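**Q** Residue-level listing of the chains:
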Amino acid sequence: MGLFTKFVYLLGVRKKEVNVLVVGLNNSGKSTVVNHFKNEEERVSEIVPTVGFSVERFQNQNLAFTAFDMSGHGRYRDLWEHYYKDCHGIIFVVDSSDRLRLVVVKEELDLLLQHPDICNRKLPILFFANKMDCKDALSSVKIAAGLGLDKIMDKPWHIAASNALTGEGLQEGVEWLTQQIRDVILSKN
Amino acid sequence: MSAFKRDKKEEEDGGGNPFQNIEKTTVLQEARVFNDTTINNRKCTHILTKLLYLLNQGEQLGTKEATDVFFSMTKLFQSKDVILRRMVYLGIKELSSIADDVIIVTSSLTKDMTGKEDLYRAAAIRALCSITDATMLQSIERYMKQAIVDRNSAVSSAALVSSLHMTKLAPEVVKRWVNEAQEAVNSDNIMVQYHALGLLYHIRKTDRLAVTKLVAKLTRMSLKSPYAVCMLIRITAKLLEEEDSGNDSPLFEFIESCLRHKSEMVVYEAAHAIVNLKRTTSRELAPAISVLQLFCGSPKPTLRFAAVRTLNQVAISHPAAVTACNLDLENLITDANRSIATLAITTLLKTGAESSVDRLMKQIASFVSEISDEFKVVVVQAIRALALKFPRKHSVLMNFLSAMLRDEGGLEYKASIADTIITIIEDNPEAKEAGLAHLCEFIEDCEHTSLAVRILHLLGKEGPRTKQPSRCIRFIYNRVILENPTVRAAAVSAMAQFGATCPDLLENIQVLLARCQMDSDDEVRDRATYYSSILGQQDKSLYNNYILETLQVSIPSLERSLKEYTQSPSDQPFDIKTVPIATIPTREETELEKHKAEGMIISNGPAKPAVVSREENFAEKLSAIPGIAELGPLFKSSDVVELTESETEYFVRCIKHCFTNHVVLQFDCLNTLSDQLLEEVRVQLDPSEGYSVLKEIPCPKLPYNETGTTYVVLRFPENDLPNSVGTFGAVLKFIVKDCDPNTGLPDTDEGYDDEYMLEDLEITLGDQIQKINKANWAAAWDEAAPLCVEMEDTYSLSSMSTLEEAVKNIIQFLGLQPAERSDKVPEGKTTHTLLLAGMFRGGIDILVRAKLALADGVTMQLTVRSTDGDVAELITSTVG
Chain P
1 MGLFTKFVYL LGVRKKEVNV LVVGLNNSGK STVVNHFKNE EERVSEIVPT
51 VGFSVERFQN QNLAFTAFDM SGHGRYRDLW EHYYKDCHGI IFVVDSSDRL
101 RLVVVKEELD LLLQHPDICN RKLPILFFAN KMDCKDALSS VKIAAGLGLD
151 KIMDKPWHIA ASNALTGEGL QEGVEWLTQQ IRDVILSKN
Chain X
1001 MSAFKRDKKE EEDGGGNPFQ NIEKTTVLQE ARVFNDTTIN NRKCTHILTK
1051 LLYLLNQGEQ LGTKEATDVF FSMTKLFQSK DVILRRMVYL GIKELSSIAD
1101 DVIIVTSSLT KDMTGKEDLY RAAAIRALCS ITDATMLQSI ERYMKQAIVD
1151 RNSAVSSAAL VSSLHMTKLA PEVVKRWVNE AQEAVNSDNI MVQYHALGLL
1201 YHIRKTDRLA VTKLVAKLTR MSLKSPYAVC MLIRITAKLL EEEDSGNDSP
1251 LFEFIESCLR HKSEMVVYEA AHAIVNLKRT TSRELAPAIS VLQLFCGSPK
1301 PTLRFAAVRT LNQVAISHPA AVTACNLDLE NLITDANRSI ATLAITTLLK
1351 TGAESSVDRL MKQIASFVSE ISDEFKVVVV QAIRALALKF PRKHSVLMNF
1401 LSAMLRDEGG LEYKASIADT IITIIEDNPE AKEAGLAHLC EFIEDCEHTS
1451 LAVRILHLLG KEGPRTKQPS RCIRFIYNRV ILENPTVRAA AVSAMAQFGA
1501 TCPDLLENIQ VLLARCQMDS DDEVRDRATY YSSILGQQDK SLYNNYILET
1551 LQVSIPSLER SLKEYTQSPS DQPFDIKTVP IATIPTREET ELEKHKAEGM
1601 IISNGPAKPA VVSREENFAE KLSAIPGIAE LGPLFKSSDV VELTESETEY
1651 FVRCIKHCFT NHVVLQFDCL NTLSDQLLEE VRVQLDPSEG YSVLKEIPCP
1701 KLPYNETGTT YVVLRFPEND LPNSVGTFGA VLKFIVKDCD PNTGLPDTDE
1751 GYDDEYMLED LEITLGDQIQ KINKANWAAA WDEAAPLCVE MEDTYSLSSM
1801 STLEEAVKNI IQFLGLQPAE RSDKVPEGKT THTLLLAGMF RGGIDILVRA
1851 KLALADGVTM QLTVRSTDGD VAELITSTVG
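Residue numbers (this note's numbering), protein chains in the order written: chain P, 1 to 189; chain X, 1001 to 1880.
Just so you know, the hints here were simulated from the structure itself, not pulled from any lab data.
Quick look at which bits of chain P chain X covers, simulated, 3 or more residues with Cβ under 8 angstroms:
| hint | segment |
| --- | --- |
| 1 | 17–25 |
| 2 | 50–60 |
| 3 | 79–90 |
The model shown is predicted, which means the values in this text are computed figures rather than measured ones. Backbone N, C-alpha and C define an ideal beta-carbon position, used for all residues, glycine too.
Could you put together the complete structure from these sequences and hints?
**A** Rendered as structure tokens:
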């Protein structure tokens, strides 16, 4: 990268563009999370189940995010892998009130981590323990333990309890992700 | 240097096509930039263009390649560039059928189609419908309904047309959008209205009543869009054809009122509809024709073309009405547009008088070399019609045709000329000599093998009966020297025919055949040796059986039988008698086919696969049923006989399949009651004396609106031929279970027995006889004299008033094939001889000669020769 462009980025005049992948089981709140990151005027009032995927853009601290909001429906989970290759970060949304399917979440997460396009890269993964407002929601610590996150050694990860309806906890999580990606990019340069 | 030259050449050929040298692999490689984090819009658009270009050039992508490129393409959704996005839509549509998991873009597309950007919406709808399957349609149904009634006309149109395409996938879902479509019909936009009407009609077209209501409503509404009105006229015309009310119905009034519409398109459509209605009388035709006449003088070439083409079509059905336009058509002969001129002339030929033929032919000759092959074919067809109409003009027409034959032209064109000449030869004995001479000359310089073979075959059949058969032989032998093996082989066969028919030429033919035995091709040598050894025997009956008569069996059946024989070898020699005999198309069918093609300029699409005979079809079906396969080869299947009125509770039709000693009755039953489920459906027969029922194969289940088949196997009376003709009483028996009309599920498990009377079923003589084509009937007749039993009787057919009627009835009754065109009665004669040939089940040959005389009713002397005396007696006795 040329000296000038590097200079521009350091000063934060021009935004760096990054791709993030938003995955998780169906009905975990992925589209709602992404919807919350968008500008006020672009938000949609009604979220319907995503079929396939949808592309959304938002910004955080001078980083332009392109989020590939994937469908979490069982039928479409095989399609996530098509988008692993060129993403800079992963947002994994977990429905913390759905104890029953936590094993499914774990299985999907393991598959994701073992994928050749993921396993050898230092990709930051952000977990949202979503729906924290639900009565019987598990705490983020319990979820981290349930998913065996402590075994992830080669990738930076972070788990944040969130409520995507109100936006609680989202900002904190995405700020962590932004910082991580920024570090990776800077270290590459 | 050479490389430089090639480059230069490519440059010249290319004509500046920037995409000329692109390759699939390179483009797929380039498509990887779609995966970049930052998208270069211009570059990606260009690559997508290349990809689309390749796909449209017929380049095939593998499923994996397509899926890979499809998923890279989906990443382009992050770009906001309008042009790129629209290219993506096109890419999705192209790849939707090849790539896997294309539903991945569903949400992205629904977002675009409901979004604010109008430029995206219509295209997104089209792309969405191309990736959606029946199961996914439910999830986008809501958006489609909204889109149909959208204010933006492009969006609405796209949704309507896409819905139309979706009806192929999920007709039931699309049916639910009928209210939205109804609303769209009221749109102000002309395209939306047209598309909405199209969809509405498509949804309702199976329901006659709904279509009638729709038409009644819309005809009163006065639609704004001329396209929609045209569509409505077509629907109305179809409705008029279907219902039997007179032409004073409001529907017809509507079409007629459209003749005064302000749009030319609508006026033409209305005129076209009126002239094409089957029942139009000349009075109703008049305004339509006068509209077309007006169009003939229009400055717009399209209108002139449309008008003259329609007139050309009507000229056959209503020649008198078209005569009124003759003056205008005369003017169009000199039209700068050759297509219009050709149609004008051929129309005139169809309507014109005998006196004007010469003049018109001269006119055509002046420009025939300038028009395309399709129009030349139209001209040729017009000449054929003319030749049949005015037999006396055959010399003029024949000369013209032979001149056309010498011109350049494609196979279809040449074949149509040869066909016409052959038709003229068959129809008009006077023209035979001249026609054959022209054909002889033509094959001297014919580059189409198939055509040359056909003509050689014809020469072999007809040539020996001309005054100077030796003239033809020279032409035929020239083929042996000059042509390719296929034509040479055909020429050898043709020569053998001469040898067999003309004894005085036999010696010369033998010399020629001996020369052919030195040929380099196997087939030619084989045929030459075969024929020369048969001709060497000097035995008339051998000639008849092995040279003059062609193979009677149906070719596909023969192929199948031989294959079976080679696969399961047995010690017995192959018996050709077991192969079903080919059915001969009736005169009506051939006429119909000819008529269909008449005067139409339609490209006929890819050639259809060879038609398998009906018997062949049935044979295959029947052999799959246990108990029927053992009966031996199928001999003949009768026409369909209806045993009930077509609109009753149960609709039953019967087909009689005749085997050597058995008859299988196939009953096709249709249940028309929606609240009944029938089980164990069978037909109980009350067979006439001598017949025994061997087996009944019931139809286990017959739900509403489905056709089921039940069979009865009977044995013909043994050693009692006269009783094989008989009438059976028939009763349909079944178990009824009442069921819910909507689901078709029975209410209870218990059913009750019921029966339904059917009309009586007849086994006739014709059912047991297969038609056989005898090319040389007289020879076969003479040959049969010593071997066969002859029976003769005289009858008076008092109910017949003309010879034609009598001939038609006899052929139908006996089920025999007329030979030597004796089924055509020359006009004005009071006596006629009808020659018939056929085969009785079990392979018994039958030859029948019926001498007819007309005096108060028709008197007939019937002579039957058959290898079996009982069969001959059966025929003479049943005729009475």
